[in-house]
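Required output: the full structure, derived from the provided sequences and hints.
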Amino acid sequence: MSFLEYAPAPESTAVLNLRDQYGLFIDGEFVDGRGTPFQTISPATEARIATVSNANEADVADAVAAARRAYERTWSRMSGRDRGKYLFRIARLVQERARELAVAESLDNGKPIKESRDVDVPLVAAWFFYYAGWADKLDHAGLGANPRALGVAAQVIPWNFPLLMLAWKIAPALAAGNTVVLKPAETTPLTALIFAEILQQADLPAGVVNIITGAGDTGAALVSHEGVDKVAFTGSTGVGRAIAKQIAGTDKKATLELGGKAANIVFDDAPIDQAIEGIVNGIFFNQGHVCCAGSRLLVQENIHDEVVDRLKSRLSTLRLGDPLDKNTDIGAINSREQLERIRELSDVGVAEGAERWSAPCEIPENGFWYAPTIFTGVQTSSRIAREEIFGPVLSVLTFRTPAEAIAKANNTPYGLSAGIWSDKGSRILAVADQLRAGVIWANTFNRFDPASPFGGYKESGYGREGGRHGLAAYLAPASIGGQGALPRAASHGAVASPSETSTDAAAEPKARRTRATRTTKASTKGSKR
Amino acid sequence: MTGTSLITARERALAVLGGEPDDATLRRYLHGIAGVDAVGLEQRAAGLGTRSIKTTSKQWALDRIIQLIDLTTLEGADTPGKVRSLVAKALVPDPADGTTPRVAAVCVYGDMVPYAVDALGAAHGDPDDGLVSVAAVATAFPSGRASLEIKLADTAEAVAAGADEIDMVIDRGAFLAGRYGLVFDQIAAVKEACRRADGTSASLKVILETGELVTYDNVRRASWLSILAGGDFIKTSTGKVPSAATLPVTLLMLEVVRDWHLATGQRIGVKPAGGIRTSKDAIKYLVTVAETVGEEWLVPHLFRFGASSLLNDVLLQRQKLATSHYSGPDYVTID
Amino acid sequence: MSRLAVPKTYKLYIGGAFPRSESGRTYEVLSASGGFLANAAKASRKDARDAVVAARAAVGGWAGATAYNRGQVLYRIAELLEGRRAQFVAEIEDAEGATRAAASAQVDEAIDRWVWYAGWADKFAQVTGNANPVAGPYFNISVPEPTGVVAIVAPQDTSLLGLVSAVAPALVAGNAVVVVASERFPLSAISLAEVLATSDVPKGVVNVLTGSPAEITPWLASHADVNAIDLVGASALDWVDLEISAADTLKRVLRPEQGPDAAAPALGRITAFTETKTVWHTKSMR
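Residue numbers (the UniProt record's numbering), protein chains in the order written: chain A, 1 to 529; chain B, 1 to 335; chain C, 1 to 286.
Hint data in this document are derived by calculation from the structure and do not stem from the laboratory.
Where a beta carbon is used, it is the ideal one built from N, C-alpha and C, also for glycine.
Please note: incorrect hints may appear among the correct ones.
Stated by the list, open to error - Partner residues are not named here, just some residues of chain C that face chain B (Cβ under 7 Å, in silico):
id : residue
1  : 236
2  : 282
3  : 284
4  : 286
Said to hold, decoys possible - Computed list of lysine-lysine pairs in PhoX-like fashion (alpha-carbon distance at most 25 Å, straight line):
id : chain 1 : residue 1 : chain 2 : residue 2
5  : A       : 408       : A       : 424
6  : C       : 123       : A       : 137
7  : B       : 58        : B       : 320
8  : A       : 326       : A       : 312
9  : B       : 280       : B       : 54
10 : A       : 326       : B       : 320
11 : A       : 326       : B       : 280
12 : B       : 82        : B       : 240
13 : A       : 408       : A       : 326
14 : C       : 11        : C       : 203
15 : B       : 58        : A       : 326
16 : C       : 8         : C       : 283
17 : B       : 240       : A       : 326
18 : B       : 58        : B       : 280
19 : B       : 280       : B       : 240
20 : B       : 54        : B       : 82
21 : A       : 408       : A       : 312
22 : C       : 283       : A       : 424
Encoded structure:
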């Protein structure tokens, strides 16, 4: 026998206690949606998991109204200490039900259980713990004394880290004193709905968090609802752009976490074995469904062949298959639609003259799968070097000097993340200074922590999630009623103390034309982070 | 089994280094090797440690672990009786289950070799043939603080007494002082001392004592140095200092062995020793070997566990698999 | 006997030079009482384009300068303005019809704002940055970095103070600026440009366009190489459309403000044009 085949080690689904049908979670209760219900399936088998309600505009209005009531009657009046205690409760409940959440996530999303179990769900708990402690310390968030919550936050999240993105959104919003209407992605609603049950167990006051399921039109209706004060979106740059247009001229603040095409720069003095692991983790973690994935490998030309050879042998040990198997490294692609896009862009790569190599793996008969793939001979002008593929596909380019590496890394409209691999500290810090990206990983990649701000430059969006900056994105300074003087778009950096703001300017009504509805309709279909 | 030819090892070292293996040349070479990022190395090792090995794979793994064990006693209080007992255990690890394989070798101090050889009798031989080898620690084990003359005599005596394998220690003081040429020469000389009258040679395991080298860069350099000087195996530890074998250190040494194989085609063995006490831990090492250098390395002449208490834990696990219920320490023998 | 005065020609300020508008256009700038003051250059979209190119070329060097150095350069502007205080007071009296006291107060306040912002250059990163205690063996730090090229529609109601209040904070972090001056009161903007040209501000870091904000701003809002746009003085424009246009490349947008104290001094005006960059690095003794 081959030891390397190991034996199937599937995580038990006995921990799951799923319902056959899920309603919308509005005002503390599950209610039927008025849109046409849809099914959520396992991308690994295409088998139906559950039927999920679809929120139409009236449902969206109900959810926003519930959030508004909860904000005005309960949540904004509650002490920060008590808000914090609710968040601590939620964190503990997530820990207690961690395995169940991990299994549900892998089932619904297709990601390997080892990732949902060891990365996603622990980070979810950590996110709630971190922001729980902030709830009664808002004076230290950087906005001066007595900052105020924004009100009702509309949050639209992607399918790649369903529960983790929920935590990134809900935890800081609640800590800051906002109430929430959250819409998970249509292909991955399951863990958000289980999370709604956790909120019931935590006895969170009704309406503080509302979770509505549906597709892009539901998200668009939510974002454009006039009762919303804050929009937080993670997904594609296309949808983010549409949202930015939709809310132009309104009082809504926005945090947008959008696409990326990160460069992972490997210098010839890199700790090579760790760099190989970092490259693998950078692009093949979560099947490459990661906005900050290191999808462009920039390798110093003098070690190109060695790096590619090592990478290929390493990729040959990756195990693709059942997401619930504890030994699976590469799970299922989340949807047929996404698989088609990955295939299409890969074909473009071949047509453009790049050389495609895919790891030898057996592809299961059912479900959506794509073998880890490397393109060499990629030029900066290639589409696979410019467009976000959002799949397990790595484009390899070369550079000769640090300056050239920086120039190539920055040569993109995106600016979310980047990696640097070198043994030379001074060069790492200098290159980190020059990279136009919001998160730089040096000799590591794809690390996340609730204390660490995350977010992009340029077309990768604006605002930060995580850390004090992520909290400030859900707050406004005390003295500025209309907050007209404050940057909406750059809300992550909005730091002003009352003494710095003229009372005249604050008191004077700002000239503003509000346009509740614009012709540009954001569609959140296929939203991703 | 025989080690590599002495002459080819030295010649290869010269060819790889491009000069005499003196301090300066070795320093240029060893310090030119890519560095190790400790955090990344430890994360990779931790990741390998999360592999879940079940059913048939576990059965195979448990038997293979036994076949890769250097069953060890290295006490000042060792006696012929203790060694005979160890050998008996090596030959019949589980008297209740005849399907249990033998261990690879018994590992003892040099002066205990005759008793081990005697106790093994006809079962003494190459573990690749299902027999049991005798390994002797030598070169003023564990500190290595003695003159070269004494180290060589220590080695030669053990070989003459019938040791098939010599587990030498490097001079960590010399290594840390940058005297790479001295370390090289000593390993090469000990390798020479492993030669038998008939021209064959005992296999040489070079103990780096990674707990004293401390940094991963040092471990990587010492690994290359030991291989360059002719070691057939590189071994983590004596088991006599607090930090013995760890998964990251073993992974790192396996990466060196993999790179050496890529460069020269020669397969070098790896032996983590000390601190591996449970089947669960040992399986992590098997996974690490399989995913770093390939499962063809999971044979006695390329991978060993230096351990004593590990064997009984493996036996308990074997009994659990066979009977489907948990066993207890009274159902395995003390050696 | 009286001496015949030598009037000044007011041009644009792009890349450290004072070109006329490439369009050849000018417009009459009148005093508060309706008298002719000067012909100001009426910038075109191509002038705006050139200004963006100049700003992009300058941003690397300015952002790369030490914070201490940027602070000194900004303080130097205050020193030079102080030396030409009388000129600006007179200009503002003529243009705005302000009293000597009011004009003086405006110039004084403008000078003091340069000083206030100059002092922030090497401090705002300490106030808004963070060392992040992540749960792992990593050094992790978040620092604010300049957004890049910032387009500004200066407040339209003042000659100097509004302009300075919008431009100075954008410069603190290391951004390069393309500013559209007050349409009615453009002359002090060009006089300020003359101060900048003789100060230590590198060429291209500040570019001043005079003319019609309604004509020029849409080109800046839609320009793909502009990273942020401050619409503080754009309340009379169709600024919602400008914001929508800016969304095409996800520009950072500041909304219009009105009143005599638009763009009041605030740390938030500095951080509005910064991006938080978080750097992780592994940490180990081994």
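Going through the hints against the structure:
Evaluation of the residue 236/C hint against chain B yields a violated restraint, the C-beta minimum of about 56 Å exceeding 7 Å. For residue 282/C, the interface hint holds, the least distance from its beta-carbon to any beta-carbon of chain B being 4 Å, beneath 7 Å. With 7 Å as the threshold, the beta carbon of residue 284/C comes within range of chain B, its nearest partner Cβ sitting at about 4 Å, so the hint holds. Nearest Cβ of chain B to the Cβ of residue 286/C: about 4 Å, under the 7 Å cut. The hint holds.
Taken as a hint, the residue 408/A and residue 424/A pair is honoured in the structure, with Cα atoms around 20 Å apart against an allowance of 25 Å. In summary, the hint linking residue 123/C to residue 137/A is supported, as the alpha carbons are separated by about 23 Å, within the 25 Å threshold. Under the criterion of a C-alpha separation no larger than 25 Å, the hint pairing residue 58/B with residue 320/B is consistent with the structure, at around 11 Å. Simply put, residue 326/A and residue 312/A have alpha-carbon atoms about 23 Å apart, close enough for the 25 Å limit, and the pair holds.
Among the hinted pairs, residue 280/B with residue 54/B is consistent with the structure: their alpha-carbon atoms are about 11 Å apart, no more than 25 Å. With a CA separation close to 22 Å, the supplied pair residue 326/A and residue 320/B stays within the 25 Å bound. Distance hint between residue 326/A and residue 280/B is fulfilled; the C-alpha atoms sit about 15 Å from each other, no more than 25 Å. At most 25 Å may separate the alpha-carbon atoms for a hinted pair to count; residue 82/B and residue 240/B meet this at roughly 19 Å.
Taking the CA atoms of residue 408/A and residue 326/A, the gap is about 38 Å. The hint is violated against a cut of 25 Å. Straight-line distance between C-alpha atoms of residue 11/C and residue 203/C comes to about 16 Å, which keeps the hinted pair within the 25 Å bound. With a C-alpha separation of about 15 Å, the suggested pair residue 58/B and residue 326/A falls inside the 25 Å cut-off, and the hint holds. Distance check on the hinted pair: residue 8/C and residue 283/C sit about 61 Å apart at the alpha-carbon level, beyond 25 Å; violated.
For the given pair, residue 240/B sits about 36 Å from residue 326/A by alpha-carbon distance, which is inconsistent with the 25 Å threshold. For the given pair, residue 58/B sits about 10 Å from residue 280/B by alpha-carbon distance, which is consistent with the 25 Å threshold. As the CA atoms of residue 280/B and residue 240/B are separated by approximately 23 Å, the hinted pair is consistent with the 25 Å bound. Restraint check for residue 54/B and residue 82/B: not satisfied, since their Cα atoms lie roughly 35 Å apart, outside the 25 Å limit.
A hinted pair counts as satisfied when its Cα atoms are at most 25 Å apart, and residue 408/A with residue 312/A qualifies at roughly 24 Å. Taken as a hint, the residue 283/C and residue 424/A pair is honoured in the structure, with Cα atoms around 14 Å apart against an allowance of 25 Å.
In this structure, the earlier hints numbered 1, 13, 16, 17, 20 are contradicted, and the remaining ones agree with it.
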